[in-house]
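Engineer: Chain by chain, the residues:
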Amino acid sequence: MIEISGLQKSFGSKRVLNGLNMEVKPGEVYGFLGENGAGKSTTMNIVTGLLEKDGGEVRINGKDLSVMEEHPIGYLPESPEFFDYMTCRQYFAYIAAACSYEGDIRKRTEEVIRLIGLENAIDRKIKGFSRGMKQRIGIGCALYSGKDILILDEPTSALDPQGRAEVMQIILQLKEMGKTVILSTHILSDVERVADRVGILHNGVLQLEGNIAELLRANAGHEIMLETENLPADLIEKIAKSPFAISCNLTQHGGKVEIAEDFEEGNRALFRILAENKILVSSYQVVRPTLEQIYLKVVGAHAAAKGWN
Amino acid sequence: MLQLKAGIKKEWLELCKTGRLLGILLIILGLSLFDPIMIRFLALLMEVFQDAPSMSSLEALSGVFGQQTALASYAADCVSTGMLVVFLLLMRTAGGEQKRRSVVIPLTLGFDRDAYLYAKFLVYPPLVFISVLLGVCTAYGTTLLLFTHQIGFVDILLPALALGVYFAMQVCLLLGCGCATGKAGIFVAILYLLHTILTTALGTLGWNRYNPFALYTFGSNFTSAPDLVDYSISIGLAVVVCFAAVLFSSLLFRKKKLV
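First to last, the sequence lines map onto chains E and H.
Numbered according to our numbering, the first sequence spans residues 189 to 497.
Numbered according to our numbering, the second sequence spans residues 2 to 260.
For reference, chain E alone in the conformation it holds in the complex (with noise of 0.2 Å):
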């Protein structure tokens, strides 16, 4: 388990992290959003020991980080580099002695190298692999010495969207593994596919954070999708007028119905005026919001009651 209490951080007079709490639970993905500059790549270079904090508190399993003698974090940067002149084989080989690995080192290559499906690329130089291919390297080395823990930093960025999907499937690997992962990245769509929790970071403060299933069913129900046949103007007008309504797009063939509060009590009244007015629904869905729109709704709140917007 990660804690994270009251981090703070600033470079020069700009404060980066103004009293972070965060947590992280054992075997979980955490999805760490926020948009660029919030503190994010701060955090994770805090938390794996690549920046100095300047105040508040790191914990690793109950354990301080500061005074951890192994660190037990593995870490896939932004845009990973690495010794492209090597092969796939010698690079994992360099990762073991990084390590300090005591086991089998070829044995293990191999399985780390299976596990990230790269098996056939083994003892081709890295200079020739392919972004994707490069973000599984580096997914590999974060595993290579079986730490439970990993930090995986915009894994999917720049990828074509087959890489994405075989970055994705390595992630969902490693959750079935048992492994804690945060996961930082800009893509809503593949946190909401892999992650069990997220935390929306603005200002350097987690602004949301919960269980994502919860998030959406919490912030769900609240707009109707609705396909009708001839809905006549003066009714679409006094749909819009009707006090359920928050926001109605409507034409003739149907649209969309943004309902107050409370819903059930909305939905019955829109469909109690259809049905007096004989109107056909040939079809009716409730909206489910995406994460995304969960994402600008905390951020794009926060904005504006900074008077941003």
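Think of the hints as simulated: they come from the structure by calculation, not from any bench.
Certain hints may be false.
[To be verified] Now the in silico label distances, taken between C-beta atoms and shown as ranges:
#1 E:Asn308 with H:Thr200: 53 to 63 Å
#2 H:Ser233 with E:Ile310: 48 to 58 Å
#3 H:Thr200 with E:Asp252: 46 to 56 Å
#4 H:Thr197 with E:Gly225: 39 to 49 Å
#5 E:Pro214 with H:Leu89: 49 to 59 Å
#6 E:Gly334 with H:Asp115: 22 to 32 Å
#7 H:Leu34 with E:Gln357: 49 to 59 Å
#8 H:Lys257 with E:Asn308: 30 to 40 Å
[What the hints assert, rightly or not] Calculated pairs, EDC-like style, for lysine to aspartate or glutamate (alpha carbon to alpha carbon, straight line, at most 16 Å):
#9 H:Lys10 with E:Asp272
#10 H:Lys258 with E:Asp242
#11 E:Lys315 with H:Glu15
#12 H:Lys18 with E:Asp311
#13 H:Lys258 with E:Glu240
#14 H:Lys100 with E:Glu266
#15 H:Lys6 with E:Glu290
#16 E:Lys213 with E:Glu191
#17 H:Lys256 with E:Glu240
#18 E:Lys313 with H:Glu15
#19 H:Lys100 with E:Glu269
#20 H:Lys257 with E:Glu240
#21 H:Lys18 with E:Asp272
[Stated by the list, open to error] Here are some of the chain H residues that sit facing chain E, going by a computed Cβ distance under 10 Å:
#22 Gly8
#23 Lys10
#24 Leu14
#25 Cys17
#26 Lys18
#27 Glu98
#28 Arg101
#29 Val105
Beta carbons are placed, not taken as given, at the ideal position from N, Cα and C, and that holds for glycine.
Chain E is already provided as a structure; the job is to place chain H on it using the hints.
Structural biologist: Leaving out everything else, chain H in the frame of chain E:
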């Protein structure tokens, strides 16, 4: 120890797979063939001109283009062209790896910073030292084929040693500055500063003949009998500069932020 071995293997792989080893050997050994041949060619030209009427004044000059000149010319080209090429070839390993961030993963995984750094110092300066010794020997062998024998093999050993140590010292400084700052280009500024400080300090003390940055003058001196004391002190000081480069770069690199 395991990490130091892995580091040395990595540096060796880098040398071989990127063609740097070939580049270093080509320039240092290539010059050792090129310079004697060039001097022999000039000597031949002089002989041709001597036969022409009113060219007898060149007669004395043609005697200059002998074995000693060929070896001194090799030493001078080695110090100028050879060293420039060696520096260009080693820029990436001296600081480029940090700039490209390829060291971040191994170092965050626990690769010891000293092992990473020492591996470089254990590979490149000795390699350049041996290459220069070989270069002087090759140049000597070439001159034996092309010129009248004037210098014995024993006589080239001390200048070769001086030249080799001078090269190794410069490579140590390049590695030290590059690794400590992450920018091999800073080497030029630091070298200029060091050269100025050391030359001024030794000059003030009247010890300029011991200046390690002037070792190349010993290295190109194949004409007069060497002063063993001056040689030894200069080489000793150069070795001290090498160790100082290792020590300072190690101290700075340990504290260096990688992000």
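Engineer: Could you tell me which of the numbered hints above are not met by this structure, giving the numbers in increasing order?
Structural biologist: Violated: none.
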